[in-house]
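*Asks:* Following the hints, complete the assembly by docking chain B onto the known chain A.
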Amino acid sequence: MARLLGGLLLVVLAVTLLPGDWPAVDSGLTQSAFAQGAAKTETATAGIAAPKLTPDDYPRIAGVNGRIVVWLVAQLHLWFAAFVLAVPIFVFIIEAIGMSTRDKRYDDMAYEFIKISIAAYSLTAILGGFLVFSLIIFYPHVIQYLGAIFKDTMFYYALLFFLESAALYLYYYGWQWLQGGFRKWVHLTLGLVLNAAGTMLMFLANGWLTFMMSPAGIDPGGIFTGDVWTALHNHLWNPINIHRMVANVAYGGSIVGAYAAFKFLAATRAEERAHYDWMGYTANFIAISALLPLPFAGYYLAAEIYAYSQQMGITLMGGIFAWLFIIQAVLIGTLFLSANYYLWCGMARSEGAARYNRYIKYLAFVIVAAFLVWFTPHTLVLTNEELKALGGPYHKYLGPLGIMPAKNTAVNVMILFTALSFLIYRRANRIAMVGWAKAGNAVQVALFSAGIANIFFLGIYHGYFTNTVYKVASSIPQVITTLVVIAASIVIDAMMYRGAKEVAPLRWGRVPERAQYALFLLAVAFTWLMGLMGYIRSGIRQHWHVVGVFRDNSPDAFTPTLGYAANVVSVGTIIFMAMVIFVFWLSQVSAVKTTPAGFWKEQAS
Amino acid sequence: MAMLPRIPRLLQAVLTVAVIYGGFRLVFDAILGQPIPASLMTMYMFFIVAGVFMVFTFTEESAREMVVPIRALVEDPSRKPIRNLVFVLVPLAAGGLTYMKMLPSFEAPLELRSIHPAPPTTVELYGKRFDLLKLENPFRKLEKADPEKFRELVAEGGAVYIANCQYCHGDKLDGKGPYAAALNPVPLNFQDIGTIAQLQESYLFWRIATGGPGLPKEGAPWLSSMPVWQEFLEEDEIWKVILFLYDYTGHRPRSWGHE
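In order, the protein sequences belong to chains A and B.
Using this note's numbering, the letters of the first sequence map in sequence onto residues 1 to 605.
Using this note's numbering, the letters of the second sequence map in sequence onto residues 1001 to 1259.
Reference excerpt, derived from the structure (chain A facing chain B, CB under 10 Å, subset only): (1) Pro-377; (2) Thr-379; (3) Arg-514.
Here chain B is said to cover these stretches of chain A; the calculated rule only asks that three of the stretch's residues, wherever they fall, bring their Cβ under 8 Å from a Cβ of chain B: (4) 308 to 317; (5) 328 to 342; (6) 362 to 371; (7) 389 to 396; (8) 399 to 408.
Think of the hints as simulated: they come from the structure by calculation, not from any bench.
The C-beta atom is built at its ideal place from N, Cα and C for all residues, glycine as well.
Chain A extracted, bound-state conformation (with noise of 0.2 Å):
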């Protein structure tokens, strides 16, 4: 609790610190900088100008990166604040779930997994404060153009945590009180209000952001003439938003389901493990439910960033960075080999799943193929005798599978593919009794079918052999086509085995440990990923603070090599992961007690 109002006092001092009218203050800045005097005072009227900075505005401290120590601390705070967003979203979902059913272990559930974000939560705090003092120390000029552009936002922002800050508390602290009856209703609605402020605190932060990207409300003469709406509002906001809340709920999951995955293994009784064993199997459901959107949201975002620059597009996909996304295809690949592998493993705790062991092996052979057509890039790294022998950079049958429409179908018969491996799962320890049950397979097998042959139909047709409009818009149809299918399955599903004859009983616990590896896995790539791509979309601004109106001309301002890049990521993955296992760690001391004989003085009876 100490910590956390720690952090919080710094990020308000550090909004305090600055001054409310920020352009007005000139704090060593060069004279060319804040050229456009009018920006000084009447900000409302004249516009704000962003500065001309020479390398001697930006501060430095001996032996010290100013780069790297924002870059990673922003990435460290990111890491936690997207856990601590995540977990009250599920947790919320959860706990009505369990109130619906009465049925008190999603409560007991709900309630565990709330109580590992509550040490996540300090750590996002002391964070988020360290960052803002690392940019007033190292960039002062543009977190003051920044700020003098957001202010009101960054003073509700700072109010908005204070709520959040509240709601949490009271919702975790309150659980044991506030239960049954109206009581659980004020509960539930705590956690709405948890979620609203934190989502909130999200969508301003990602405004701040996408600002730099995507500068909305400039003049042509680079002044911002634009309200903080404007601002705010600009072109990449909403897909960011999206693309974070789906990616936080996804990633929140795989750090859960680590978590789970390390109690179970600590676990020594055989309770413990069931109980942990469910928690991971929930942890991973919640992480793939929400993975299946995630390349369509990331899709959509990749879409918009070319859509508003093409040059950013470009480098985005095509230049400087295409090879680090070939590295993110890798990792998102391996992120549904891992669920799918730890579905399947999960398999073993019903003796009736033996009936569809024999269909995994054919599952496994389509998503792999599938991965491998997801990260076969487009221009080949080739030695001069391959590229002799090749007769160019391309590859003249693998190189059509390095552009989006191939890596857009591959990606969906992937999450077609994971969804089957659910449903599989799902029925592992039943079999259907009601009468048409032949019929429904029949008509399970036909959606996949009819829904595979739409991908592809679409990838092929409307991918290669029409223009751009088409080419793009073709990715929504092959979206539906597969959600659709998924959603129309469950549903069949679900009315299928209502009422199915159990063959063998599910046993919690008994699943194999490698399986817990694999959720290990899917948090650290999940990880990693994240911090990937944090970096490419913050790099794709190249030498601009704010894309096409605030130059960045610190010494920094160059963009790293792929390898130099890729090791302050895996630094940064090496932290978190340190920390978080740190967090695991605590939860597990605060229920150990230890009574030393003859510490303590006896007390008189």
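*Replies:* Chain B alone, transformed into the frame defined by chain A:
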């Protein structure tokens, strides 16, 4: 008929990987004549091995059976000779591979070259400033408004292409012009779905007009022997060549307008 002995699981897994690898080599190297580059093959095989491992270990029985020969090799006293052999051969093989990898060679280092350098937002050409975000081919609208005139412009673009560009990019626009073999990297193949079909016409205009020297410094060092065509061609001639490139290949330029 005598029953064939059951192949141990571990061997099955190894054979599966070997068959897939052999299949790639057979199809791409021998039949199609387009080998998969080593960098990509390594990635493919890594995930194929992972996939095979997943299939062979998702049940407890199968996972246990997979481990049996390895455990026996390490623990079974009767296998001491073969264990010693394996324990000598594996490090030797690893050492040999590392040695081969580290051995200096005359081969030029691999290049992570991006084919599409990012264009600037604005560019100064023919004494004017062009906003590449909004720039459109001035003749494109004639495709519907005046098809006859459009055909004429395409033909004129073709003539400009044949006079200037085909030496490198080829008379079939496939990057196989008479000078192509002397260039590294080889000229771009416009027939490929991944080149001009992915780009807006404004991109091509910038790329042709500024050539190799106009490539952005962010992605340096760029290798391109493309001349700075604004010094040899008129602005309209470049736009007409662009019409021809799309017309001949049948590709459509990247555009956000409906047809």
